[in-house]
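Novice: Going down the list, the protein sequences come from chains A and B.
Here the first sequence is numbered in the working numbering, starting from 1 and rising by one per residue.
Here the second sequence is numbered in the working numbering, starting from 619 and rising by one per residue.
Careful: at least some of the hints might be erroneous.
Straight-line C-alpha distance at most 27 Å; calculated BS3-like pairs for lysine-lysine [to be verified]:
#	chain 1	residue 1	chain 2	residue 2
1	A	Lys243	A	Lys473
2	A	Lys220	A	Lys233
3	A	Lys297	A	Lys456
4	A	Lys91	B	Lys621
5	A	Lys243	B	Lys663
6	A	Lys108	A	Lys243
7	A	Lys473	A	Lys71
8	A	Lys233	A	Lys156
9	B	Lys663	A	Lys364
10	B	Lys663	A	Lys456
11	A	Lys451	A	Lys364
12	A	Lys108	A	Lys156
These are calculated hints, taken from the structure and not from any lab test.
What follows is each chain in one-letter form.
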Amino acid sequence: MSTSNAPFLQDSHRCPGSSCRENTAVVDVAETETIVLAGNPNVGKSVVFNSLTGLYTNVSNFPGTTVDIPKGFLPDSRVLKDTPGVYGLSKYNEEELVAEKAILAADKVINVVSALSLERDLFLTQHILDYRKPMMVVLNQMDEARAQGLEIDISKLETLLGVPVIATVAVTGEGLDQILPMLARACIGNTVPDCPDIEALTALEGNPAQRLHLYGLRRKHVNALVQQVITRKTGVTPLSWSKRFGNWFLNPVVGLLSGVVALLTLYQVVGVWISGDLVGFTEETLMLGYVVPVIQKAVSAVVPQGTALYTILAGEFGVLTMSLQYIFGVLFPLILGFYIYISILEDCGYLPRIAVLCDGLLSKIGLNGRAVIPIILGFGCVTMATVSTRVLSSQRERTIASTILAITIPCSAQIAVLIALMAMAGGFKAWIIYLGLLTLILGILGTALNKILPGKSTSLILDLPPMRLPQPKNILRKTWVRTMVFLKEAAPLFVLGSLLVSVAQVTGALVAIQKLLTPLTVKWLQLPAEAAQMFIMGMVRRDFGAAGLYYLSDQMTSAQILAALVTITLFVPCIASFTVICKERGWLESALVLAGSWLMAFTAGGITARLLTWSGIL
Amino acid sequence: MTKITLQDMQTGQSAVILNIPDIDVATQAMRMGIAEGQYITCIAKVPAGPTVLQHGGMELAIGQHLCQQIEVQLS
Numbered sequence: 001m002s003t004s005n006a007p008f009l010q011d012s013h014r015c016p017g018s019s020c021r022e023n024t025a026v027v028d029v030a031e032t033e034t035i036v037l038a039g040n041p042n043v044g045k046s047v048v049f050n051s052l053t054g055l056y057t058n059v060s061n062f063p064g065t066t067v068d069i070p071k072g073f074l075p076d077s078r079v080l081k082d083t084p085g086v087y088g089l090s091k092y093n094e095e096e097l098v099a100e101k102a103i104l105a106a107d108k109v110i111n112v113v114s115a116l117s118l119e120r121d122l123f124l125t126q127h128i129l130d131y132r133k134p135m136m137v138v139l140n141q142m143d144e145a146r147a148q149g150l151e152i153d154i155s156k157l158e159t160l161l162g163v164p165v166i167a168t169v170a171v172t173g174e175g176l177d178q179i180l181p182m183l184a185r186a187c188i189g190n191t192v193p194d195c196p197d198i199e200a201l202t203a204l205e206g207n208p209a210q211r212l213h214l215y216g217l218r219r220k221h222v223n224a225l226v227q228q229v230i231t232r233k234t235g236v237t238p239l240s241w242s243k244r245f246g247n248w249f250l251n252p253v254v255g256l257l258s259g260v261v262a263l264l265t266l267y268q269v270v271g272v273w274i275s276g277d278l279v280g281f282t283e284e285t286l287m288l289g290y291v292v293p294v295i296q297k298a299v300s301a302v303v304p305q306g307t308a309l310y311t312i313l314a315g316e317f318g319v320l321t322m323s324l325q326y327i328f329g330v331l332f333p334l335i336l337g338f339y340i341y342i343s344i345l346e347d348c349g350y351l352p353r354i355a356v357l358c359d360g361l362l363s364k365i366g367l368n369g370r371a372v373i374p375i376i377l378g379f380g381c382v383t384m385a386t387v388s389t390r391v392l393s394s395q396r397e398r399t400i401a402s403t404i405l406a407i408t409i410p411c412s413a414q415i416a417v418l419i420a421l422m423a424m425a426g427g428f429k430a431w432i433i434y435l436g437l438l439t440l441i442l443g444i445l446g447t448a449l450n451k452i453l454p455g456k457s458t459s460l461i462l463d464l465p466p467m468r469l470p471q472p473k474n475i476l477r478k479t480w481v482r483t484m485v486f487l488k489e490a491a492p493l494f495v496l497g498s499l500l501v502s503v504a505q506v507t508g509a510l511v512a513i514q515k516l517l518t519p520l521t522v523k524w525l526q527l528p529a530e531a532a533q534m535f536i537m538g539m540v541r542r543d544f545g546a547a548g549l550y551y552l553s554d555q556m557t558s559a560q561i562l563a564a565l566v567t568i569t570l571f572v573p574c575i576a577s578f579t580v581i582c583k584e585r586g587w588l589e590s591a592l593v594l595a596g597s598w599l600m601a602f603t604a605g606g607i608t609a610r611l612l613t614w615s616g617i618l
Numbered sequence: 619m620t621k622i623t624l625q626d627m628q629t630g631q632s633a634v635i636l637n638i639p640d641i642d643v644a645t646q647a648m649r650m651g652i653a654e655g656q657y658i659t660c661i662a663k664v665p666a667g668p669t670v671l672q673h674g675g676m677e678l679a680i681g682q683h684l685c686q687q688i689e690v691q692l693s
């Protein structure tokens, strides 16, 4: 998490107040104090953060969210940092690492816990208490706890923890105004009996057996504590509608049907409206119609047209033209649309349930249910999806997921052109063959990677939050934050990508590769010679490749079109996603993905061409 | 009483956790409140997929592979 590390370093190496003040004129102590908000996922932490700072952060922490730390200011200008929702500080994933670092560097911690799951949540609380951090506890979701017949003795909880506790209902704002006044009383609370010092504690985390022993003590301590503060009203607690509803989605038939509905909606909204209609407007009308000509004119005033520099700056793949056109004309609306969709699924609690249903299938290819997020995002933009593979628990899973994404998942830009071409290649029958082939290849590739890669993948342990109605305001803010974070990260890579392609164009490397490919295209894939160009274009942008095919399609048979589509889908991911893979997975792995995609694309394409001609299906 | 694993539980059954052999799994489960001696209820089973448990106020999905390793006793 390159973006999140820097601030911590500064924090933990902060110089003592007195020596700093000599250099920096007037700096109030309060201003330099950093407060960190911590808690388990889905406890209402972000609502608390928003109410304290007025800024927005993600509502829940189900995979797909970024690990960046939202930062805001309290009314007295102290810094408040949010951390990702975690179940512990055990370095199991980047989110836990980030949360631990932030907590260790904090001056004070506000720990949000849910009254519904005290037994689970107080485990993290105890961990922070054992780190001897000055802290206070916000006991949230009190209304739901009351509704379920749970009574919590707050003053007893305060005494047992040794830190202030405030009861709140974050969604309605009840109790939130008491947090700040109480923060002044935040203090170091009660550790578990015979708790080692902080250095010994952090060292313990590195030793699995000793850690389990420590966690056992902590668990016992917390369970005993919870026993003393909670009284469960006897009698039946009715199963809430959200729980019934949630369980209903775990039924395979309902799950499958709802999954189909979810995918069709996604297809209509993102595939047709956004990547078709909206992008058509933003890219063609707005960018190509107005912005790009203006840039080209401006550049030509300084650099003469026809020179190599002009081509690099403002040519067909120019750094100033194509990257702008792509980032703002295509990516921005697309990513926005995708994140709105995924945020709605996430906030209503449906996404974790899809993860549960898909777990069985995904575990066959060395992934677990969590991988549904990158895969769904992949149908939007493989670059975005590759970034989101960070939420997977192990390097092994990230390798498998990013390889599958790069090779077998067509992104929405491609899907739009694909739809048009499928109509020419025989419609429904062509779709079935195409989808069947890709699923087969995905299965083979995943199974092979799962066999070859050393180690074993992690199994699913997933907390299912209650189903609830998503709040439009939260969805919009969350979508905005995510889109911005992604663009900030990916935009430089798109610029780099277009620079590489422009240089290749100027130096003649593009034409050379095209010539090199021609025999392969004509002899092996049985396609027209010009088709070689579409493969090259497919490297620049995946949909360019498919679009190139579109212009050739009147000279081709249905079988040829289908074989070409299979090849293009499998063929190298676009240059932006390739740069992201390099960044996330390293050069060696990226080179292997590249080589693998060439090999698979041409092998599968050639075989498809022959099978189709031989069988005469199309 | 013969020992069974989480995987063998049917929807609606309750059990007490006896043993989680894998140290890493035990650590992770411990944080969630699932430890030896705890009572859990199986609320859903996805065919060839995870088992969904209820424990206290929370619901937890556990992958098939893990379920086969966690020993429980029906209550």
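Novice: Is the hinted pair Lys108/A and Lys243/A satisfied, with a Cα-Cα distance of at most 27 Å?
Specialist: 35 Å, violated
Novice: Within a Cα-Cα threshold of 27 Å, do Lys663/B and Lys456/A meet the stated pairing?
Specialist: Answer holds: Lys663/B to Lys456/A is near 24 Å, not above 27 Å.
Novice: Run the distance test for Lys243/A versus Lys663/B: straight-line Cα separation, threshold 27 Å.
Specialist: It holds: about 15 Å lies between the C-alpha atoms, which stays within 27 Å.
Novice: Does Lys71/A sit within 27 Å of Lys473/A, going by the straight-line distance between their CA atoms?
Specialist: Holds: Lys473/A and Lys71/A sit about 19 Å apart, inside 27 Å.
Novice: Is Lys91/A close enough to Lys621/B, meaning Cα to Cα at most 27 Å?
Specialist: 33 Å, violated
Novice: Given the hinted pair Lys233/A and Lys156/A, is their alpha-carbon gap at most 27 Å?
Specialist: 18 Å, holds
Novice: Starting from Lys220/A, check that the Cα of Lys233/A is at most 27 Å away, please.
Specialist: Given pair Lys220/A, Lys233/A holds - Cα atoms ~23 Å apart, limit 27 Å.
Novice: Do the alpha carbons of Lys297/A and Lys456/A lie within 27 Å of each other, as the hint requires?
Specialist: 56 Å, violated
Novice: What's the verdict on Lys108/A and Lys156/A, does the C-alpha distance respect the 27 Å limit or exceed it?
Specialist: 22 Å, holds
Novice: Is the straight-line distance between the alpha-carbon of Lys663/B and that of Lys364/A 27 Å or less?
Specialist: 18 Å, holds
Novice: Would you check the hint for Lys243/A and Lys473/A, treating anything up to 27 Å between C-alpha atoms as holding?
Specialist: 24 Å, holds
Novice: Given the hinted pair Lys451/A and Lys364/A, is their alpha-carbon gap at most 27 Å?
Specialist: 10 Å, holds
In summary, the structure is inconsistent with hints 3, 4 and 6 from the numbered list given earlier, while agreeing with the others.
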